[in-house]
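Student: Sequences are here, hints too, so could you generate the full structure?
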Amino acid sequence: MRFNLMLPIFRKDLRDAIRDARVLVAVIVPLGLGILYGQIFSDEAPTLEVDIAYTAAGQTQLLDTLQTAAGPAVKLNFSAYDDEAAVREHVADEDADLGLVIPAGFDEAVAEGSSPPLTVIRAQTSSDADLITAILDGALRTMAGQQPPATIQQEIIDEPPSAAQAIVEELGLRRYFVVAVAVMLVAMIGMLAVPVILAEEAEKKTLDALVMAVSYSDVIVAKALVGLVYVVISVGLLLGLTGVAPEQPALFIGALLTLSLALIGFGLLLGGVFKNANQLNTWSGFILLPVIAPAFIAGLPMPDVVELLLKLLPTSQAVQLMINGLSGRAYYSDTWLGFVVILAWTALAYLLLLRTLQRREA
Amino acid sequence: MTASATPMVAVEQLAKHYGSVRAVDGISFSVAAGEVFGLLGHNGAGKTTTIRMLTGRTRPTAGQATVAGYDIVSERDKIKPLINLVFEDQNLYERLSGRETLHFFADLYQAPRSRADDLLELVGLTEAADRKVKTYSTGMKQRLLVARALINEPRVLFLDEPTRGLDPSSARDLRDLVKNLSAQGTTIVLTTHYMEEADELCDRVAFLSQGKIVALDTPRELKLRYGQRSATVLLDDRSEHTVRLDDPADADRLAAWMRDGRVLTIHSQEGTLEDVFIALAGRPL
Numbered sequence: 288m289r290f291n292l293m294l295p296i297f298r299k300d301l302r303d304a305i306r307d308a309r310v311l312v313a314v315i316v317p318l319g320l321g322i323l324y325g326q327i328f329s330d331e332a333p334t335l336e337v338d339i340a341y342t343a344a345g346q347t348q349l350l351d352t353l354q355t356a357a358g359p360a361v362k363l364n365f366s367a368y369d370d371e372a373a374v375r376e377h378v379a380d381e382d383a384d385l386g387l388v389i390p391a392g393f394d395e396a397v398a399e400g401s402s403p404p405l406t407v408i409r410a411q412t413s414s415d416a417d418l419i420t421a422i423l424d425g426a427l428r429t430m431a432g433q434q435p436p437a438t439i440q441q442e443i444i445d446e447p448p449s450a451a452q453a454i455v456e457e458l459g460l461r462r463y464f465v466v467a468v469a470v471m472l473v474a475m476i477g478m479l480a481v482p483v484i485l486a487e488e489a490e491k492k493t494l495d496a497l498v499m500a501v502s503y504s505d506v507i508v509a510k511a512l513v514g515l516v517y518v519v520i521s522v523g524l525l526l527g528l529t530g531v532a533p534e535q536p537a538l539f540i541g542a543l544l545t546l547s548l549a550l551i552g553f554g555l556l557l558g559g560v561f562k563n564a565n566q567l568n569t570w571s572g573f574i575l576l577p578v579i580a581p582a583f584i585a586g587l588p589m590p591d592v593v594e595l596l597l598k599l600l601p602t603s604q605a606v607q608l609m610i611n612g613l614s615g616r617a618y619y620s621d622t623w624l625g626f627v628v629i630l631a632w633t634a635l636a637y638l639l640l641l642r643t644l645q646r647r648e649a
Numbered sequence: 170m171t172a173s174a175t176p177m178v179a180v181e182q183l184a185k186h187y188g189s190v191r192a193v194d195g196i197s198f199s200v201a202a203g204e205v206f207g208l209l210g211h212n213g214a215g216k217t218t219t220i221r222m223l224t225g226r227t228r229p230t231a232g233q234a235t236v237a238g239y240d241i242v243s244e245r246d247k248i249k250p251l252i253n254l255v256f257e258d259q260n261l262y263e264r265l266s267g268r269e270t271l272h273f274f275a276d277l278y279q280a281p282r283s284r285a286d287d288l289l290e291l292v293g294l295t296e297a298a299d300r301k302v303k304t305y306s307t308g309m310k311q312r313l314l315v316a317r318a319l320i321n322e323p324r325v326l327f328l329d330e331p332t333r334g335l336d337p338s339s340a341r342d343l344r345d346l347v348k349n350l351s352a353q354g355t356t357i358v359l360t361t362h363y364m365e366e367a368d369e370l371c372d373r374v375a376f377l378s379q380g381k382i383v384a385l386d387t388p389r390e391l392k393l394r395y396g397q398r399s400a401t402v403l404l405d406d407r408s409e410h411t412v413r414l415d416d417p418a419d420a421d422r423l424a425a426w427m428r429d430g431r432v433l434t435i436h437s438q439e440g441t442l443e444d445v446f447i448a449l450a451g452r453p454l
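Going line by line, the protein sequences match chains E and A. Everything in the first sequence is counted per the working numbering, starting at 288 for the first residue and increasing by one. Everything in the second sequence is counted per the working numbering, starting at 170 for the first residue and increasing by one.
Everything labelled a hint here was simulated from the structure, so no lab data went into it. Possibly wrong hints are sitting among the right ones.
The calculated DSS-like cross-link candidates involving lysine-lysine, where the alpha carbons are at most 27 Å apart (straight line), are [stated by the list, open to error]: (1) E:LYS562 - A:LYS301; (2) E:LYS362 - A:LYS301; (3) E:LYS562 - E:LYS492; (4) A:LYS392 - E:LYS492.
Tutor: Here it is in structure tokens:
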């Protein structure tokens with residue numbers, strides 16, 4: 288293999304292949320799907336927002352303490368006004384869910400235990416106001432330096448969520464689907480776009496013209512490089528457009544690239560099996576389904592047998608590694624096992640490819 | 170021109186078998202530098218397989234061959250920069266322009282890109298150079314194939330049915346180009362179905378049948394050996410007759426016409442390569 292001879296093929300394919308509608312679709316469809324999921328599942332946003340109008344005669348820690356007590360699931364939007372009348376007016380106009388009138392020296396009075404007045408202005412029936420009023424008591428106790436009167440122990444009688452469900456819940460649907468779509472992109476490029484490029488070369492017999500100058504191996508490596516670059520560009524675009532950044536980039540990129548190598552290897556094998564690019568395009572659905580499906584079911588509870596089978600598949604392992612890489616947490620253990628499984632598939636793909644090339648040259 | 174002591178192509182008992190099918194069955198020949206050598210035969214006779222082996226795209230089952238002094242199996246990589254091929258199929262990148270095509274292959278052969286422009290002019294494609302190949306006519310594509318095959322200034326140029334599907338004018342241009350290349354010292358091995366073309370271009374031709382060479386010589390020698398010598402005679406009653414000069418009865422008939430003063434014109438005809446082919450293969454191409 289000579290890099291200086293592969294480079295022209297790589298450059299030509301990089302520019303020319305994307306002009307092929309089949310290749311373009313293989314890249315754009317998953318990319319579009321990823322962006323769509325990113326828009327639909329904006330799961331990083333809090334589940335509840337409450338608007339609070341307030342007036343305070345001086346500095347107070349009450350607002351921060353209230354937000355802390357409410358927790359991350361509730362976002363409190365505070366708006367300051369000059370006097371009580373203005374607060375009352377905004378609550379009455381339903382511009383705010385709740386109003387607070389905080390007197391001067393409030394924080395000091397709470398700390399001294401002199402029970403200062405705190406006026407809460409609210410509508411007759413407002414669940415948001417009910418919630419904040421309930422939280423307010425705990426916040427004031429914290430400001431007064433009091434221990435809670437009792438430690439609440441919750442007993443959950445439902446079946447606990449599976450590890451997979453917990454992962455989806457903690458990771459959020461948006462980030463989970465970004466991983467799944469990234470794997471889909473790798474599969475579409477590796478096992479559809481790249482083999483289409485190779486099959487078209489064989490079908491149009493331009494491959495014969497290429498091997499007059501270079502070896503089959505040079506051609507194959509150049510096509511694999513094109514696939515890798517397409518993966519890097521398109522997954523980069525996916526992450527950029529969805530605003531998702533991996534917490535552990537090395538792990539995420541490592542899993543992505545090893546999976547790409549494996550799937551591009553199998554894709555190049557497919558490119559040699561089918562007689563023409565259209566035939567390959569027609570059958571690609573059947574080929575891609577078992578490759579892509581594991582990426583979309585990683586968060587679902589599965590029977591043990593299926594779980595075991597999934598552990599043997601490169602896409603399942605890559606999804607697990609990429610979830611770990613994206614979240615920065617070890618949701619799935621056995622990182623090395625994941626890489627071993629993917630690399631084993633990669634080795635198998637390229638051994639078969641080498642054998643095919645040797646047969647072709649004979 | 171005849172084969173010299175240092176052939177550019179030397180083939181010795183070359184064979185290619187696909188299972189029980191003997192596509193090429195122990196052929197031997199040599200081609201001298203600057204010679205135009207024709208491989209003729211029916212479809213399936215083994216012409217294209219021979220070219221595939223000589224251009225390093227198929228390994229032979231048996232036998233040996235060298236091209237430009239290098240073994241076609243063990244020194245295949247050394248041969249590649251020295252040869253090129255005009256394919257039978259118009260295997261071009263349809264989404265590239267003519268200029269992009271030649272630039273790409275110039276890069277592959279590590280030839281200067283400026284050569285692309287020279288070749289586009291040589292084959293008359295300068296004006297269409299920046300159009301996509303898919304918009305080219307068959308003749309234009311064929312000319313681009315020829316330009317592509319010349320990008321690395323090959324010492325041995327293989328042409329597989331180079332004028333198939335071309336209009337007479339384009340075919341004539343291509344034949345002139347082949348003659349010029351040969352005159353400049355390029356060794357040419359071509360396959361063709363057109364016997365007139367082989368007769369015009371080739372210094373020597375080999376007839377292949379069922380993977381074997383059944384005759385190999387200069388077109389003139391082959392025509393003399395296998396062709397039928399004849400004459401077309403126009404008599405005073407305006408009737409036209411063809412007489413075979415090797416046939417004693419026909420010769421007597423001609424002598425009688427001459428004696429009686431009935432002959433207005435007489436045109437001798439030597440055999441054609443088509444006759445040779447029919448004589449060797451039993452049926453026309």
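Student: It remains to establish, for every hint, whether it holds in the given structure.
Tutor: Outcome of the hint check:
1. Under the criterion of a C-alpha separation no larger than 27 Å, the hint pairing LYS562 of chain E with LYS301 of chain A is consistent with the structure, at around 25 Å.
2. At most 27 Å may separate the alpha-carbon atoms for a hinted pair to count; LYS362 of chain E and LYS301 of chain A exceed this at roughly 59 Å.
3. As the CA atoms of LYS562 of chain E and LYS492 of chain E are separated by approximately 11 Å, the hinted pair is consistent with the 27 Å bound.
4. For the proposed pair LYS392 of chain A and LYS492 of chain E, the alpha carbon gap of about 37 Å is over 27 Å, so the pair is violated.
In the structure shown, a violation is registered for the earlier hints numbered 2, 4, in ascending order.
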